[in-house]
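Sequences listed follow chains A and B, in order. Quick note on this note's numbering: the first sequence kicks off at 1 and runs consecutively. Quick note on this note's numbering: the second sequence kicks off at 542 and runs consecutively.
Derived by calculation from the structure, the hints in this document are not laboratory data. A quick note: this is a predicted structure, and the numbers were derived from the prediction, not measured. Just to be clear, a hint being listed does not mean it is correct.
Said to hold, decoys possible - Derived CB-CB ranges, DEER-like: (1) 27(A) - 734(B): 28 to 38 angstroms; (2) 57(A) - 604(B): 20 to 30 angstroms; (3) 69(A) - 641(B): 50 to 60 angstroms; (4) 641(B) - 479(A): 51 to 61 angstroms; (5) 734(B) - 21(A): 36 to 46 angstroms; (6) 42(A) - 551(B): 37 to 47 angstroms; (7) 546(B) - 43(A): 37 to 47 angstroms; (8) 564(B) - 64(A): 54 to 64 angstroms; (9) 148(A) - 669(B): 52 to 62 angstroms; (10) 518(A) - 655(B): 21 to 31 angstroms; (11) 18(A) - 641(B): 15 to 25 angstroms.
Ideal placement from N, C-alpha and C gives every residue a C-beta, glycine not left out.
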Amino acid sequence: MSDTSRNHRSDDGVVTRSTKAVSALGVLAAMAIALLVNIVSARHYARWDFTTAKLYTLSHATLSTVRGLEQNVDVQVLLSASDPLYGSVKNLLEVIRSNTTRLSVTFVDPDRYPAEFVAIQQKYDIVAGRSEDGRVVTDAAIIVASRDRHWFITAEDLVDFSEVDDGRTKSKLEQSITGGIRAVLGGKRSRICFTSGHGEYSLDDSSGQGLGEFRDRLQKNNYDAETIDTTRSDPAKALEACDAVVVAGPSTAFSQTESDALMARMRAGMSGFFLLNPIFDTERKTQLPTGLESVTRLFGIGLANDFVFELDDDSRVPRGTGEIFFPSLEAHATTEGLVGLSMAVTGLRVVAIRSRSLDVVGDGVRPVTILKTSERAFGMKNFHAWAEKGGEPTPTVDDRRGPLAIGLAAELANAPDSSQTHGARLVVLGTANLVLGQNWRDMALRGNALLAGNIMSWVAARPPIVDIPAKITPAATLRITEASLQEIVRYVLLFMPGAALLIGVAVYLRRRSRDDRSDHGEKKKGSLSHDDSSSENEENR
Amino acid sequence: MTGFWPIFKRDLFALFVTPMAWALMVIFLLLEGLNFYWLTVHFANQVDLAVDHGPLQWFFGETVLFYLPLLMLPPALTMRSFAEERRAGTIESLLTAPVSTPGIVLAKWCASFVTYLVAWAPTVLYIVILRRAGEVDWRVVASSYLGVILIGASFLAIGVLMSAMSKSQFVAVLLSLAVTVGLFILGIGEFVFDRGLAHDICSHVSIWSQMADFSKGQIDSRYVVFHLSLIVLPLFICVRVVDSWRWG
Numbered sequence: 001m002s003d004t005s006r007n008h009r010s011d012d013g014v015v016t017r018s019t020k021a022v023s024a025l026g027v028l029a030a031m032a033i034a035l036l037v038n039i040v041s042a043r044h045y046a047r048w049d050f051t052t053a054k055l056y057t058l059s060h061a062t063l064s065t066v067r068g069l070e071q072n073v074d075v076q077v078l079l080s081a082s083d084p085l086y087g088s089v090k091n092l093l094e095v096i097r098s099n100t101t102r103l104s105v106t107f108v109d110p111d112r113y114p115a116e117f118v119a120i121q122q123k124y125d126i127v128a129g130r131s132e133d134g135r136v137v138t139d140a141a142i143i144v145a146s147r148d149r150h151w152f153i154t155a156e157d158l159v160d161f162s163e164v165d166d167g168r169t170k171s172k173l174e175q176s177i178t179g180g181i182r183a184v185l186g187g188k189r190s191r192i193c194f195t196s197g198h199g200e201y202s203l204d205d206s207s208g209q210g211l212g213e214f215r216d217r218l219q220k221n222n223y224d225a226e227t228i229d230t231t232r233s234d235p236a237k238a239l240e241a242c243d244a245v246v247v248a249g250p251s252t253a254f255s256q257t258e259s260d261a262l263m264a265r266m267r268a269g270m271s272g273f274f275l276l277n278p279i280f281d282t283e284r285k286t287q288l289p290t291g292l293e294s295v296t297r298l299f300g301i302g303l304a305n306d307f308v309f310e311l312d313d314d315s316r317v318p319r320g321t322g323e324i325f326f327p328s329l330e331a332h333a334t335t336e337g338l339v340g341l342s343m344a345v346t347g348l349r350v351v352a353i354r355s356r357s358l359d360v361v362g363d364g365v366r367p368v369t370i371l372k373t374s375e376r377a378f379g380m381k382n383f384h385a386w387a388e389k390g391g392e393p394t395p396t397v398d399d400r401r402g403p404l405a406i407g408l409a410a411e412l413a414n415a416p417d418s419s420q421t422h423g424a425r426l427v428v429l430g431t432a433n434l435v436l437g438q439n440w441r442d443m444a445l446r447g448n449a450l451l452a453g454n455i456m457s458w459v460a461a462r463p464p465i466v467d468i469p470a471k472i473t474p475a476a477t478l479r480i481t482e483a484s485l486q487e488i489v490r491y492v493l494l495f496m497p498g499a500a501l502l503i504g505v506a507v508y509l510r511r512r513s514r515d516d517r518s519d520h521g522e523k524k525k526g527s528l529s530h531d532d533s534s535s536e537n538e539e540n541r
Numbered sequence: 542m543t544g545f546w547p548i549f550k551r552d553l554f555a556l557f558v559t560p561m562a563w564a565l566m567v568i569f570l571l572l573e574g575l576n577f578y579w580l581t582v583h584f585a586n587q588v589d590l591a592v593d594h595g596p597l598q599w600f601f602g603e604t605v606l607f608y609l610p611l612l613m614l615p616p617a618l619t620m621r622s623f624a625e626e627r628r629a630g631t632i633e634s635l636l637t638a639p640v641s642t643p644g645i646v647l648a649k650w651c652a653s654f655v656t657y658l659v660a661w662a663p664t665v666l667y668i669v670i671l672r673r674a675g676e677v678d679w680r681v682v683a684s685s686y687l688g689v690i691l692i693g694a695s696f697l698a699i700g701v702l703m704s705a706m707s708k709s710q711f712v713a714v715l716l717s718l719a720v721t722v723g724l725f726i727l728g729i730g731e732f733v734f735d736r737g738l739a740h741d742i743c744s745h746v747s748i749w750s751q752m753a754d755f756s757k758g759q760i761d762s763r764y765v766v767f768h769l770s771l772i773v774l775p776l777f778i779c780v781r782v783v784d785s786w787r788w789g
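Sequences are here, hints too, so could you generate the full structure?
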């Protein structure tokens, strides 16, 4: 017995009660201290970023943004817990949250909380679909909101993935979230002007054939939408305060003065969204120019005086003669969420009704096609001749043959002294039905609504407010051939456990032989001692 | 800390000369090898869009094959610490030897900890293979192993305490498993409970979340403090338990 333990005993050898009590109290105190230390550490914690790319280290732009918040900002994450981006978003928001008390984060898993998700879906007009594995996928992955403003961040905004770059992923999480926070903080609202006086669809018409629904969506997205009549007042003055102009389905032509005023403003940086369906003079039975040809030509876009018929059965609705059809979409910022995987997930399609075709003209700006017909479509030049005759439309030698562009997007070079990060942008569609109220009411037309929203976001985009470089992470792909995979199997499942097994067997055998030897030695020793004792007995005898 | 080295060396030697340690090593390497093989097949065929979800994150905490050894190995390594000594009756000679109780407890914990590290050491070869087939951020590897070490060290401390509290190795391993697996299951509550106290408690102890952070190169002071307290507290209680034997 050690000295220490002896000290705990009383004279009669019994441990004192007080020693036991002190010991028990010590254990309880240690438990309490451990609990307190954990509670304090949970409230005041630090996170260290060990990644080489400093994935979780906030940039100065983010830190200054979140630390300087003067109003509360709500971040709603609409990602399913099984979404590959969920963990990354959660981590980053945790780091951001540790720098401000003004930011509240809510995770609404569409799979776990469908009712809550539907409420948000309706409040913010979010489109959702299901992926192959059953997950709910939305066009808005994160909503940043503050007071009456909100900002959508899509999955595409969060990460860049390049197969050609060896499967390398570039994180844009911080850039997107900080951009979203800054977007909802104060500042000027973009002003969108809708022209009137040429028979355009009305902004005040809330029916399915008006722009009321579109106006509501724009206002929800932090834009100011208003009507300007360029025929009555000085068009240059009317356009002065506009950040972007929308021409929605005119039925009469614009005057030269109006056209010049538009061109001057667009040269100065104003962007535009023109929905120019064919215009007919029913008396003269001819197709009229829009008067905006010189404006669109500035962006390399030509307006064909034709009427598009889609003859491909897969790309048109069964009824009618092909004037209502499903144009295909090309990858562009305006078609995000509608092309590739997104389209397969949501099943949304764009429906075009009564369209003209568009051209790429000039050698300057090269517009990008965003909507086009099938190869079997054609643009009828003499619509009235066919209308009088009736029957199935058939292309003649004068008609334009598909595939025809019915949506083009272009961007002017930025002026050298401009503070903007990009020049004026213009999207021209050969059809006007994309912005009508029915698109937000009929689920079958939600593709149109989504495209119209995307176009407006691209056209009226304010200059990026944060400049945080994308963070490059190690490539997630492994360059492994079938042969090297077999080699890996041999190493990790055969050689490494096998080596441990062999060492174990060797240790066992060595120990056994040592035990045998010691047993043998003890027996020998035992027999020797037996001999010794016999001789001793003999001696005693 | 009197008598630490002799007991540490004796226990370490005892662990490695028994076939059981090697049998555990074989099972451990088979499970981790299988885990590694699956991840190579997965990432050779496809990639995830997440910016911080690669082969390393998969290996360190995405599959049950990682957690199985993490939960099973410490109880198996520590079950003999005191229970076997008590069963064989050698504890009496240890207690009467001129060694301090903290020395005995720490020596036994350190011996099992070194064995635990030796078991994990071959897995560095997996990372070397990954480096040859793709890209590896070695700083993230370091933080991942820090997670493995911290979790292992705390589970070993629990295992040593449980071994001291029972006379049978079998009971010791069962008690250790009950605590470590219980802790793991409690952590899963993070995904069950909505935001609130229960959620916060579960996420604080969640081994899953902790490894998810460590494997992404993030070291959180909360997790470090949690595991340090989970090492110190059981070892302190263990010292008091062993002391109580001395008092009789």
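Now the hints, each set against the structure:
Between residue 27(A) and residue 734(B) the C-beta distance comes to about 30 angstroms, which sits within the given range of 28 to 38 angstroms. Take residue 57(A) and residue 604(B): their Cβ atoms lie about 29 angstroms apart, and the range 20 to 30 angstroms holds. Distance hint check for residue 69(A) and residue 641(B): the Cβ-Cβ separation is about 55 angstroms, which falls inside the suggested range of 50 to 60 angstroms. At about 55 angstroms, the beta-carbon gap between residue 641(B) and residue 479(A) stays in the expected band of 51 to 61 angstroms.
The beta-carbon spacing between residue 734(B) and residue 21(A), approximately 38 angstroms, falls within the hinted interval of 36 to 46 angstroms. Between residue 42(A) and residue 551(B) the Cβ separation comes to about 40 angstroms, which falls inside the hinted range of 37 to 47 angstroms. The beta-carbon spacing between residue 546(B) and residue 43(A), approximately 40 angstroms, falls within the hinted interval of 37 to 47 angstroms. Between residue 564(B) and residue 64(A) the CB atoms are about 58 angstroms apart, so this pair conforms to the stated range of 54 to 64 angstroms.
Taken as a hint, the range 52 to 62 angstroms holds for the pair residue 148(A) and residue 669(B), whose Cβ atoms sit roughly 56 angstroms apart. For residue 518(A) paired with residue 655(B), a C-beta distance near 27 angstroms keeps the hint of 21 to 31 angstroms intact. At about 22 angstroms, the beta-carbon gap between residue 18(A) and residue 641(B) stays in the expected band of 15 to 25 angstroms.
Against the hints set out earlier in the document, no violation occurs for any number.
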